[in-house]
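Generate the whole structure from the sequences, applying the supplied hints.
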Amino acid sequence: MAVEPSGEVTETLSSSWIRPSCWFSWRPTSMAKLAQAERRILQAFLRKTHDTKYVTLPKAQHRLWTLSIDHKDNETIKGKVPLVLVHGMGGGVGLWAQNLGPLSENRPLYAFDVLGFGRSSRPNFNSKPEIAEQEFVESIEEWRKQMNIEKMILLGHSLGAYISSSYSLQYPDRVKHLVLVDAWGFPEKPPGDQQRQIPLWIKAIATVIKPFNPLAVLRVAGPLGPGLVRRFRPDLQDKFADTLEDDTIFDYIYHCNAQTPSGETAFKTLNTSFGWAKNPMIHRLPDLRKDVPLTLVYGSKSWVDNATGYHIKYLRNESFVDVAVVRGAGHHVYADKPDPFNKLVQRICDAVDNDTNPKPLKFRESFRTSSESSTHTSKTISESKSSKSLVVEETPDNEDKENIPTQVL
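With the numbering used here, letter number 245 in the sequence shown gets 246, and the count goes up by one each step, no holes.
A hint or two may mislead.
When the alpha-carbon atoms are kept at most 25 Å apart in a straight line, the in silico DSS-like pairs for lysine-lysine are as follows [said to hold, decoys possible]:
no., residue 1, residue 2
1, K73, K152
2, K152, K60
3, K146, K73
4, K81, K49
What the hints contain is simulated information worked out from the structure, not anything from laboratory work. All figures in this text were calculated on a predicted structure; none of them were measured in a lab.
Next up, the structure:
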């Protein structure tokens, strides 16, 4: 470092001080710190013997960080159809902490950090949405081959549900049941005159940040980044508070997303303004092979509109489609209400073992306007939140029972 006799730093140092590389070095993160946070979460929640390793994908030599509970010593359980978990935007295997144990009781279970996220490789995705989506899909197919999984129950959350849907469309032979949890990227962006009126100041902010990745603020904030996670997402700690009383979950989320953006950049490529998918799945999932069962799970308090699930059921009326709403859960259904979520998924898995479709729980529904039909068509879906009040409750055993497409758990 050169210093002038007067003690002033030279221009060379001053210019280097404002270079992006110096600012980004402020980020108090590393893959080692991410690994430590993940380890603390798994040690707190997962009492079962499990294996974690990198699985190398042959074509591009990318690596997917993978957690396995495969019951190698139990031939009966080992032979059952495995459950594969695909996390959403900004997540990783650690967020499944409350689900890994219960969901692996009677079958092999696998969870991996999606390509570009968590501890997995962070490649430069293609800037074309169709190709970027295909890169996600092919990473799952390569991973499946390397893991010697013939068929699987594929469960994806949010962005992971979008990717899992795309995978199932291309590789239906490998999917015994597709479970989509609060899926992102399904509805079509409505015409401008039908969209909610968005305040001008929000539009202005959206215009300013449009060139940047969704979580760029965590990286630009440097040492303030961890505090931003605590400040803006205090609910995260509540989801795991019964077992984790410290800041471990905040640390995990921060280190997952303060690394070099990759999957995050691909997510930005896949969506348009205000988070709408450029290639909505609502137009594509009806082409899913008819014999692939589908369950859509939503949180009753989520920002994701579950009317899309009913629309898909209507469009796939010759296939098995079930819609389940978990009462009191938000977008992160699996963490908000882990017990009912785990029971629902276990019931789906048990049905796969028996080579049947899970039977919906039996409810009755009542509407304010009883003369209106309860058939979920395109028209009734769009009106469901404004003109009807859906009340779902269990039907007593001594009353007539009728299967309704909705489950509220």
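Each hint, compared with the structure:
1. K73 to K152: holds (17 Å)
2. K152 to K60: holds (21 Å)
3. K146 to K73: holds (18 Å)
4. K81 to K49: holds (18 Å)
Of the numbered hints stated above, none is contradicted by the structure.
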